[in-house]
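Enquirer: Chain by chain, the residues run as shown.
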Amino acid sequence: MSVSAALDNSPKAATDDIVEVRNITKYYSPDVHALSNVNLSFPRGQMTTLLGPSGCGKTTLLKIIAGLLEPTEGDVLVNGKQVHGTGPERAFVFQDFALLPWATVLRNVAFGMELTKQDKREREDRARHYINEVGLAGFENKYPHELSGGMRQRVGLARALAVNSDVLLMDEPFSAVDEQTRRKFQEDLLALLANENKTVIFVTHSIEEAVYVSDQIVMLSPRPGRIHSIIRPEFSRDADPDEIRRDKNYLDTVEAIWADLRKYLD
Amino acid sequence: MSVSAALDNSPKAATDDIVEVRNITKYYSPDVHALSNVNLSFPRGQMTTLLGPSGCGKTTLLKIIAGLLEPTEGDVLVNGKQVHGTGPERAFVFQDFALLPWATVLRNVAFGMELTKQDKREREDRARHYINEVGLAGFENKYPHELSGGMRQRVGLARALAVNSDVLLMDEPFSAVDEQTRRKFQEDLLALLANENKTVIFVTHSIEEAVYVSDQIVMLSPRPGRIHSIIRPEFSRDADPDEIRRDKNYLDTVEAIWADLRKYLD
Amino acid sequence: GIPAAAQDKGTMRVAFGDVPGGEMVNFMIAVARAAERGVKVETSYLQSEDLAAQAIVSGQADIGVGTPYALIQKVNAPIRMFYQLSMLRFNPVVNGDKYQAWTDLDGADVAVHGRGSGTEAIMQLMAKENGVTYNSVSYVPGSGVRAGALLQGRIDVSIVDYERRRLLEREAPEKFIFLPLPEIKATDEALYANREWLESESEAVAILVEELIKTWREINADPAAIVALREKYNVLPDIEQIEVDELVPAFTDGVSIDLFPNNGGSAESVVEDFTFFTTSGTLEGDAADFKVEDYWYLAPVDAAVDKLGAL
Amino acid sequence: MVVFGTRIPPVFSLLIWIALWEIVGQLDLAFILPPFSSVMQELVLLIQRNDFQAAAWLTFQSFVIGMTISIVFGVSIGFIMGTSKIANGVLGMWVNIFASAPLSSLVPILMLLFGLGQTTIVVTVVLFSTWIIALDTYAGVRHISPSLVEMGRSFGASRFQMLTKILFWAALPEILAGVRMGLIRAVKGIVIGQLLVSVVALGRLFRTFSDNFQFEQFWALTVTLFIFALLFSSAIGWLEQRVEYYAKARI
Amino acid sequence: MSDAPSIATTPPMPMADRETLLGIPIMRVYQGLSIVLVFVAWEIAGLVPISIAFPTFTGTMRALFEMLVDGRLFYAYAETLKPLVVGIVISGTFGVIIGIAMGLNKTAQWFWEPIFVVLQASPVAALIPLITYAYGIGLTAKTVAVIMLAAPIIVLNTYKAVRHASPSLIEMCRSFQGTRFQEIWMVIVPNAAPVIFAGLRLGVAAGFIGVILAELLITPTGVGDLISYNRSIADYEYMYAAVFTVILFSAILVGFLETVEVNYFRPEKKKGQ
Ligand SMILES: Nc1ncnc2c1ncn2[C@@H]1O[C@H](COP(=O)(O)OP(=O)(O)OP(=O)(O)O)[C@@H](O)[C@H]1O
Ligand SMILES: Nc1ncnc2c1ncn2[C@@H]1O[C@H](COP(=O)(O)OP(=O)(O)OP(=O)(O)O)[C@@H](O)[C@H]1O
Ligand SMILES: [Mg+2]
Ligand SMILES: [Mg+2]
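These protein sequence lines map, in sequence, to chains A, B, C, D and E. Adding 24 to a residue's 1-based position in the first sequence gives its number in my numbering. Adding 24 to a residue's 1-based position in the second sequence gives its number in my numbering. Adding 5 to a residue's 1-based position in the third sequence gives its number in my numbering. Adding 2 to a residue's 1-based position in the fourth sequence gives its number in my numbering. Adding 998 to a residue's 1-based position in the fifth sequence gives its number in my numbering.
Bound-form chain A, shown alone (with noise of 0.2 Å):
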């Protein structure tokens, strides 16, 4: 494990970082501070993991990374160009699923090509295979109303790999849905990304989550929110789930987090 000083990249990432933010600041409203000049860096086809106490900006910054807001302050650079606005590089996994209600699995997952205006038939094609990758075949005519909280989110995780943008952002994915589910989803997700070639920006307030899923965990301090430390877990992620979660590796970067953390609780 190697906690490396905040602003320091790792050479290795600043070889290939497919995102970058640079000095990004955010007002709310003048007494409202939510960031605070946030330097960062996301190696191509990592997982790095926002970490933090609530209301610490994670949120605002993953938004601002998507594109939804705008910061007050700085540049968000994508594959080394910067950008604004939103972008067909990036894709938003909603904490709150934001399906279609009216709208059945198949087209939800197909949403996005269909805003894009792609061939009916194509996009439709493209949707069910994503809806396999998931392991929701079988559902595709199903309402969203009609699936549990993990199944949802499924839909959800299909709609973004199928727009095949390079970059996922999750924000809090796993927050809705039970324990067990989301344990479950945990080990799917990484099997999944396994097969495809996607950077991922997770936000989460699990620490075992954080730990056990990436390969770099961003640590952010209270409001306004900065760059607190960036921790790089290092075990192998080849042994089978229940293994790492043994691994003293593991166990000591979860403990290091947990008693930096426990100090922000009320």
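Be aware that one or more of the hints could be misleading.
[To be verified] Okay, derived cross-link-like pairs now, DSS-like style, lysine-lysine, Cα gap no bigger than 27 Å in a straight line:
#1 B:LYS144 / A:LYS208
#2 B:LYS144 / B:LYS222
#3 D:LYS87 / A:LYS87
#4 C:LYS79 / C:LYS296
#5 A:LYS166 / D:LYS167
#6 A:LYS287 / B:LYS287
#7 A:LYS222 / A:LYS87
#8 D:LYS167 / A:LYS141
#9 A:LYS222 / A:LYS105
#10 A:LYS287 / B:LYS208
#11 A:LYS166 / A:LYS208
#12 B:LYS208 / A:LYS272
Hints are computed from structural coordinates only; laboratory data are not their basis. It should be emphasised that the depicted structure is a prediction, and the values quoted were computed from it without experimental measurement.
On the provided structure of chain A, position chains B, C, D and E with the ligands as indicated by the hints.
Expert: What follows is chains B, C, D and E with the ligands alone, placed relative to chain A:
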């Protein structure tokens, strides 16, 4: 660690069970069979967790014990005597907190005593004591909407403690608060209960939480809920939280339960 | 129906301030006859007279029914009356169990049509003449409503039109006493329209006025003819059977009390109006100061009477 | 309610009320309340009358036109209010005033401005129903989960796509609820308006019947109107039910 | 772990709703402008005039002022408010009781709900002309008109509010051995209070319509009399002034009730804002 067979109460517990349920069966309607022939004992002064897949009947069982639901068949015994309906020896802590939005923290905590028409002065003193106990001193005159989720849950806990019941019934008390707060809360709850001589019956979805807090874990099978197995984690609770979470017994128990439950997930 | 041969002599939109009923049959017969001579008439029925007056003033309709003296005086509206349809014939009525004569009404509660209405004027006039003072005067618009309230015993002293008088006599014979009135010569209802419109549509107006006079005279000669005429011209086919049954007795009564003027009004009748309406307070000022041409446009009536001969 | 183990649907309690009405009518307790059965007989006669049919047809036409206009207006106002703070502040003030004001007192003025024809009735319908549709649409727009909007944006939806593919559908349950309320209000508005000015035969019939003590006919006319209002609103209620499933599923 | 050097950053522009013009919130300025615009349009329409029977805004205001000064308006509202207040008190009391009964008792619900739904959805105003025959032309008749229009909405709102009282609060009360009475009085009713009050507010608005209608259709008293009398004597400025006060009064009344509700019945809301 010992995994006892279902229905086989450990001899030690049998000697002093504060709550017992016998042959509980519950139908919500002819085709919704929630619980099937459940027999259980809850040893005095211990913490028992009900664990199982979503919809297996945990909440139903807890409400039957609380007297909030009538079982279709079977009895609930408290201190060896059969009971019907609610009683002062059992207090409930609600998942959604169930605070009166129009009442201050003080009145909310004293509400149980207000209902039994205790003297105002007396009950407020008592309420203040428990508000201190759960760490909310200074918030007596706030309204629930001014508090964070974690603080609201503390109010609910203080209210249950204030009526001085022997048994605390908690239905997923931490599921509405964020992960880090939850972790803190677990530790605080254990510390608090170490001083009070309470029997706690606790519903959760989190395997770690169940293993971390309980003396006895009751695992239910999917609907209609039956007892699948009863597990008594055996590791020392005197160690500090971090050590417990690295304890081999702890990790083994978590792993064994997870192996058992994951087959029920979609 | 309009014979195919008749040429178009113009359209007139008539706004009534009341729901259609038996008392309009004579007017509608005249309208049907005017239609035969090429005048197209559209009718609408509004809730009250003042609404109808507003409709005329704002140009939503051409001809109104009523006595808009106050309107003309107050807002200086360019409207003129041009045909006297009926005379003011109201029937003060009391509950026979409680009152028998005008002199009993000291301290009584009286219900009249509206503030400043002819009904109020009559009741106040009679109070003055008989030296009594009412306890209160309340306003209950609609003779029908007052009749209903009388029948229900909700009010004991009121004043109703002759149609409702018949109704009261029918529904509760003996219960009510109708108090005597000295003769009052004033217009109850007249036709009125915009002055400009009257001039520009003179041909159509002339036809209508002629037919009105003819019809009025026919009915005054034989009230029972009303039924045959109604059938002949298929007038107001939808009115209630009760009202149809009442047609002959009602018109017979009406004719007997000179309800329907034979000549459609004249300068003299207008002067009598001035006298009555200044006394009642509807018009402000001294009756002698009023000029006929400020309120009436008598040219069509005069021409028609000339043509048909005065009666 | 359950009697002898059978569940009796709530509407059946109306039968009890009707029976009560019949009894009171038969006993001649109140002369304004004739027995229900004779009212029904009159109702059959009433709906065959030419003047009633003409009035009903005119009213129905005006309704369809008026409701179409107020749906377009109301929904647009609601969307504008939902998307702009300033518009909400300014339009919202007027919409709220008109939604709770006793608009009936304006009907005579409408007649003055819009004449004695169908226009006035159409305007009455619009005046009575637009505001509540606007308010409900506004509530619906405010109710749309922000993440749904963000989802649209993140997948690059154009403004038009956002409106037609997301916002409209997401607010649909509230819009329909608003349309139903607007409809009920419009029926009430027309009746009140016609009682006050009686441009169509409806008001005239009411007056004639009550002036002539024809209470059977009076009640028959009232019952017809009630049935009309209920039928119309349950038709929309049925539509609402169809979209309800996802309204419930929303967070 | 080093914090990044803090660079002085300028806070963003203040948000639109905080903007002020000469110390008045910008929103108020726009609202004021829209009101002025409407009045100017009215004035122009009256000056044209679109009809002799359509007065100007200034004329109407002059008439309004005159009626205020000579007390006619106060007298009229005192008359109008009598049946309104009596009617609202009656339908409020019985409406809330029936509504609560319906919310708590299945049989009561079965019996009452459909009839009130029918009454609420239908144009009961049509029955106002009949009232005279049953209740005469006095205060009683007008009070009945108010009740007819106000009661259904009060009953139904109360019923819905009680029906949807939070089940977990009710369970909480039961789990602490609250009696049925305590459950109703200390949990269900306060929990339902906001919706009950919304219903009362709607009821007052409906009752106001009822009383105005009764004054226009039964016997002209109060404001209804100001409208119909001035119309009958063609004093249109006074008539419009009366109509104007009706709209204004109902807007003020509704706003006032909202304030009362927040201030006296939901302390936590007041504190929260
Ligand atoms: N639209 C907004 N307007 C004003 N302030 C906001 C807005 N959104 C967020 N904030 C504030 O900005 C800060 C950061 O919010 P943000 O949602 O990014 O936190 P977070 O780290 O995602 O919190 P959580 O863990 O609770 O999701 C918080 O204090 C929040 O109150
Ligand atoms: N009031 C009810 N009426 C009918 N069925 C019910 C009712 N409450 C619960 N059920 C059904 O009974 C079963 C058990 O429900 P219960 O809420 O006890 O499950 P649970 O184990 O608490 O689930 P979860 O983990 O999701 O909280 C579920 O299938 C549920 O759908
Ligand atoms: Mg967040
Ligand atoms: Mg549960």
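Enquirer: Does each hint hold? Answer for all of them.
Expert: The hints, checked one at a time:
1. As the CA atoms of LYS144 (chain B) and LYS208 (chain A) are separated by approximately 50 Å, the hinted pair breaks the 27 Å bound.
2. Between LYS144 (chain B) and LYS222 (chain B), the direct Cα distance comes to roughly 25 Å. Compliance with the 27 Å bound is thereby established for this hinted pair.
3. A threshold of 27 Å between alpha carbons decides the hint, and for LYS87 (chain D) with LYS87 (chain A) the separation of about 23 Å falls inside it, so the pair holds.
4. A C-alpha spacing of about 15 Å is found between LYS79 (chain C) and LYS296 (chain C), which places the hinted pair at or below 27 Å, so the restraint holds.
5. Distance hint between LYS166 (chain A) and LYS167 (chain D) is fulfilled; the C-alpha atoms sit about 19 Å from each other, no more than 27 Å.
6. Restraint check for LYS287 (chain A) and LYS287 (chain B): not satisfied, since their Cα atoms lie roughly 38 Å apart, outside the 27 Å limit.
7. Restraint check for LYS222 (chain A) and LYS87 (chain A): satisfied, since their Cα atoms lie roughly 18 Å apart, inside the 27 Å limit.
8. Taken as a hint, the LYS167 (chain D) and LYS141 (chain A) pair is honoured in the structure, with Cα atoms around 12 Å apart against an allowance of 27 Å.
9. With a CA separation close to 19 Å, the supplied pair LYS222 (chain A) and LYS105 (chain A) stays within the 27 Å bound.
10. Taking the CA atoms of LYS287 (chain A) and LYS208 (chain B), the gap is near 10 Å; set against the 27 Å cutoff, the hint holds.
11. Restraint check: the Cα-Cα separation between LYS166 (chain A) and LYS208 (chain A) comes to about 22 Å, which is no more than 27 Å; the hinted pair holds.
12. Distance restraint check for LYS208 (chain B) and LYS272 (chain A): the Cα-Cα separation of roughly 22 Å lies within the 27 Å cut-off, and the hinted pair is therefore satisfied.
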